[in-house]
Amino acid sequence: MDLSLSTRTVGDRTVVEVGGEIDVYTAPKLREQLVELVNDGNFHLVVDMEGVDFLDSTGLGVLVGGLKRVRAHEGSLRLVCNQERILKIFRITGLTKVFPIHSTVDEAVAATD
Amino acid sequence: MATVELRFSALPEHVRTARLVAAAVARRAGVDEAVLDEVRLAVGEACSRAVGLHRSSGISAPVKVLLTEEEKQFSIEVGDEARHAPRRPGEAPGAVDDAEDEMGLAVISGLVDDVEVSAGEHGGLIKMTWPTTPPPAAPLS
Numbered sequence: 001m002d003l004s005l006s007t008r009t010v011g012d013r014t015v016v017e018v019g020g021e022i023d024v025y026t027a028p029k030l031r032e033q034l035v036e037l038v039n040d041g042n043f044h045l046v047v048d049m050e051g052v053d054f055l056d057s058t059g060l061g062v063l064v065g066g067l068k069r070v071r072a073h074e075g076s077l078r079l080v081c082n083q084e085r086i087l088k089i090f091r092i093t094g095l096t097k098v099f100p101i102h103s104t105v106d107e108a109v110a111a112t113d
Numbered sequence: 001m002a003t004v005e006l007r008f009s010a011l012p013e014h015v016r017t018a019r020l021v022a023a024a025v026a027r028r029a030g031v032d033e034a035v036l037d038e039v040r041l042a043v044g045e046a047c048s049r050a051v052g053l054h055r056s057s058g059i060s061a062p063v064k065v066l067l068t069e070e071e072k073q074f075s076i077e078v079g080d081e082a083r084h085a086p087r088r089p090g091e092a093p094g095a096v097d098d099a100e101d102e103m104g105l106a107v108i109s110g111l112v113d114d115v116e117v118s119a120g121e122h123g124g125l126i127k128m129t130w131p132t133t134p135p136p137a138a139p140l141s
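If you read the protein sequences in the order shown, they are chains A and E.
Be aware that the first sequence starts at 1, since it is given in the UniProt record's numbering, and climbs by one per residue.
Be aware that the second sequence starts at 1, since it is given in the UniProt record's numbering, and climbs by one per residue.
Keep in mind the hints are simulated off the structure, nothing from the lab.
This list has only true hints and no planted wrong ones.
Below, in silico cross-link-like pairs of lysine to aspartate or glutamate (EDC-like), each with a Cα-Cα straight-line distance of 20 Å or less:
hint	chain 1	residue 1	chain 2	residue 2
1	A	K88	E	E102
2	E	K64	E	E13
3	A	K88	E	E33
4	A	K88	E	D37
5	A	K29	E	E13
6	A	K97	A	E74
7	E	K64	E	E77
8	E	K127	E	D32
9	A	K97	E	E102
10	A	K88	E	D113
11	A	K88	E	D114
12	A	K88	E	D32
One chain only, chain E, in its complex shape (with noise of 0.2 Å):
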């Protein structure tokens, strides 16, 4: 189970929201504090595509992010219900809605070096893993 599940209607202005509750969570997991700043924008970038997927879909189901805080490491899951047409080698990708989708994961690709994208007929998923320090030992007294 998650930590925290977090829905949002698709739309724009909850895409911050969404970057803050997570990196929130990713400090409270042991998330180095010099990652922070890469969580926020991937969940951001994710979130964002999410957004832009269900609108240009037309679908009013939320955008659906699972934070979970596992022994050593973070994950972050985004995942959207728009439906992915299975992009055959070789063809050519659509318009300019497709270049902004390219650039969001290209930032996310570029930042996160765990990461797994994932899409079929029922939706999309975009799972992102951070590795956490536990917390020191409370000392002894």
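With the rest of the complex left out, here is chain A (with noise of 0.2 Å):
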């Protein structure tokens, strides 16, 4: 299975939908759409992450890149994810003190702290 990329707004949120698996080979396309979106001016994102099968470290990597480039503007970058498989990668790296991560996608486009 191959990533699949989808977005859409929602206020002034941007909501980048992912589906399948986010390794060393389809990292690079979601690296590719976040920097798109920090560059054309989205600054409030969240990830959707519910239609993930599978996340490695280069996945993560990609995901604090993103947040990277969205804080130069002061801006926010929200997970969705209610995968023990998919949370327990952000565990066991110490990303949950990183990103928000919300249980809906309503909650994420809500949250304002």
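Need the complex rebuilt from these two chains, each delivered in its own frame; the hints are there to steer you.
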């Protein structure tokens, strides 16, 4: 399975829906997408990971890179994830302290803290 | 001798193949279903790291993966042929490549209890081992 990406705007937030596998091969596509969104002036991103089947450290690196970019513009990058197998990777790398992780897109879009 | 041996060109697109093969062989060997996700992730990390090392060092040799089923355990060895310069204690690590390398290793060590990482002039090896549960004996009819 490859990586699928789709974006939509909800208020002042841009929701990036990711599906499939984020690994060393597909992560560059996600990186390009995030860079493009930030370059186009979208600084408040919500990355919906509910359709993600696999995530490795390359994917984590891309998300951290995205966070760094939006923060340079005082933006935000929030994740939506309920899958234990994916959450575990954020936990063992300590990244649960870095990313706000929400259980629904609505909650992530409404979050302001 | 390994149960299954895999060699693949050091290209990112083949890492997924290595993950699928490793998970299939691990399942057959009796690795617990709940742990297969970890096997898949750990072998993917080790292979991604090896691919990165080969590519950054311009090595054309393939990455080697050995999957070995033994009594009560299953092991995966991922070998690269990159020259690992010994780093002296206290010496600062290099730039970005090193950071990604460390992240992969951090995930592996967080996931796998039994892991050995060795590296030398002729290449590096990551060996990961998981316990297996033997399949239940066939019922007597």
